[in-house]
Structure formats: structure tokens, C-alpha cells
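Participant: Here are the chains, one letter per residue:
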Amino acid sequence: MALTILIVDDSPAMRAFIRRVAKLSGIDVDCYLEAANGQEALAQLAAHPVDAVLTDINMPVMDGETFVREMRGDGPFQSTPVIVISTDATTERIQTMHELGAVGYLQKPFGPEQLRNELDRVLGVRHE
Amino acid sequence: MNELDHLIGALLHSCSEHILETMFFAAVFDNADSQASNGCKRVASRLHFHGKPSGDFEVDADPGIARSLTAGFLGIEENEVTPAQEDQVMAEFCNMTCGSALSSLGRVEYFSLETPEASRPHEFAPTVDGVRRAFLLEGGTLSVCLRVDFESAAQSG
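Chains as they are written, first to last, in the working numbering: chain L, 1 to 128; chain S, 1 to 157.
Isolated chain L, as found in the complex:
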């Protein structure tokens, strides 16, 4: 099944890298949507059905914590899986993001295999 992935990161270079790595990993992606912050991401989610969200934490306007909290509110995106992509691998940060509703956490640096494994795991959990 071809996926629609929403990439949320304030760095255009990082968004391009994620697209590149996803392609190298062999993940079947039909459509990449992009947002530079949580606010733009919520607008994308409202306009398009999305299979999974890959989000950074440190972003202007609306950061990743606020974005995931908003997603997990009463809106229609509660069940959309969210994978956090961050350099921050401290226990406190990972725990916070999971408590907010992220179902995956990918620490930078990562390569194609790690991205594929995490997406497979998260989407598998979703379909169980």
C-alpha cells in the first residue's frame, strides 16, 4: 500500500534528506506532504488524509511538543501515528513525547534501514 507521509521540520534540507532516505529505504510512498512547523502541519492534516507523521521537535511558531499535543486532542487526527525525529535522546524528552502521544522515536543520525524499521513497526502496530 502506497503511503502518504507528512514531514514536519523547519529545515528544508532536513525535509529533503528524509525524502531521500525514505526513497533509499524502499518504502512505498505515494505522496510526501511537508510543513515547516506544527501550525502548518495541522493545516496539512486538515486538508489531506495522512498515513504517518514524521516530526521534528524544535521548530518556530509551533514546536513538536505542542503539535503532537494538538493532534492528540479531540480532533480527527488522534489515531494518525506520529514518529518524532530528533537529535535529543535524553530519557526525559523521549518519555515526554511518548506521553503526548508519539508512537515512535527516531534519533538522528539515522539511515534508510532505521527509518524503514520504525515506519514498519509503527504502521504494523496501527493495523493490529
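Mixed in with the good hints, there may be bad ones.
[Stated by the list, open to error] Chain L is faced by these chain S residues, among others (derived, beta-carbon under 10 Å):
{"#": "1", "residue": "His18"}
{"#": "2", "residue": "Thr70"}
{"#": "3", "residue": "Leu74"}
{"#": "4", "residue": "Gly75"}
{"#": "5", "residue": "Asn79"}
{"#": "6", "residue": "Gln88"}
{"#": "7", "residue": "Val89"}
{"#": "8", "residue": "Ala91"}
{"#": "9", "residue": "Thr97"}
{"#": "10", "residue": "Gly99"}
{"#": "11", "residue": "Leu102"}
{"#": "12", "residue": "Glu109"}
{"#": "13", "residue": "Phe111"}
{"#": "14", "residue": "Leu113"}
[What the hints assert, rightly or not] Just so you have them, the derived chain S footprint on chain L, three or more residues with Cβ under 8 Å:
{"#": "15", "stretch": "83-93"}
{"#": "16", "stretch": "101-114"}
Note that these hints are calculated values from the structure, not bench results. Please read these numbers as outputs of a predicted model, since none were measured by experiment. Glycine included, C-beta positions come from ideal geometry on N, C-alpha and C.
Chain L is already provided as a structure; the job is to place chain S on it using the hints.
Facilitator: This is chain S only, laid out in the frame that chain L set:
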């Protein structure tokens, strides 16, 4: 050099090497003289982080290295790389290496990285007074420097 500085130096080496190989498809050939880039034309990026601890991180590279790393990161040809892309990619390297080193440091409780600031000095002078490591890559050098301040974080926290 104290024990913490030794640890930071080792982490800067391992994190930089791992990130360069994994995300930039670039190999570190050897260590380089960490003072050799002073006064030279460089592409640099610097960020401040706050939390427990707070501090600063800086990366600087030969312009040719910045270009080749950008091409490797984005999967494009070097002649397609723009200065804006170089700044973005050097900022990503700055962000990732700092975050990885802090996450591995052990004594870190939490931290938040501010947005990196890019610069292109014709005569580079380090702006971060911390533990510095330099690496020889194909075609030039790249240096990283991390300053970690546990004491002011403890006082403010």
C-alpha cells in the same frame, strides 16, 4: 585537560564520525590540527543550547567540504549546491552533532537547542571557547567545538 573535557573530546570524535558516515556519506580519514582553520576562509554554524547543562556549539569547514557535505546530504551534484543549501546543511550538522554529543554525555538532564546561526568568515576565528576537535575529510578539514556549562545551569535551575 580534565576528565570531562576528555569525555567531551571523545564524544565529539565519535558523534561527528558517525553522523558524517550515516547522514553525509563522508568518511573521516584522520584527526587534523584544531587550530589550523584560524584565519582561513570557512563556512561555519553556531548554536546556543539551554537546559541542564547550557552551552554553545560551533562547526566550521573548508568551503569545499561544506559543498561536498551538502551534496552528499541532499543527494545532488556539487555544482548544483547553493550557498543557502550549504548554510542549511551545516546548520543540520551543527544541530545533530551537538544533540548527539549531549545525549551521550551522561550528566545531561535535559536541553533545548536554539536555531543555528550560519556565517561565512573570510578569516575564521573561533567564537566558542570549549573542547575542539578537527577532522581531515576528502578535500579539506572540518572542526567542531562544544562548550558545556554545568555550573550556571545548576545555579539558574
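Participant: Provide an ascending list of the numbers of those earlier hints which the structure does not satisfy.
Facilitator: The structure breaks only hint 5.
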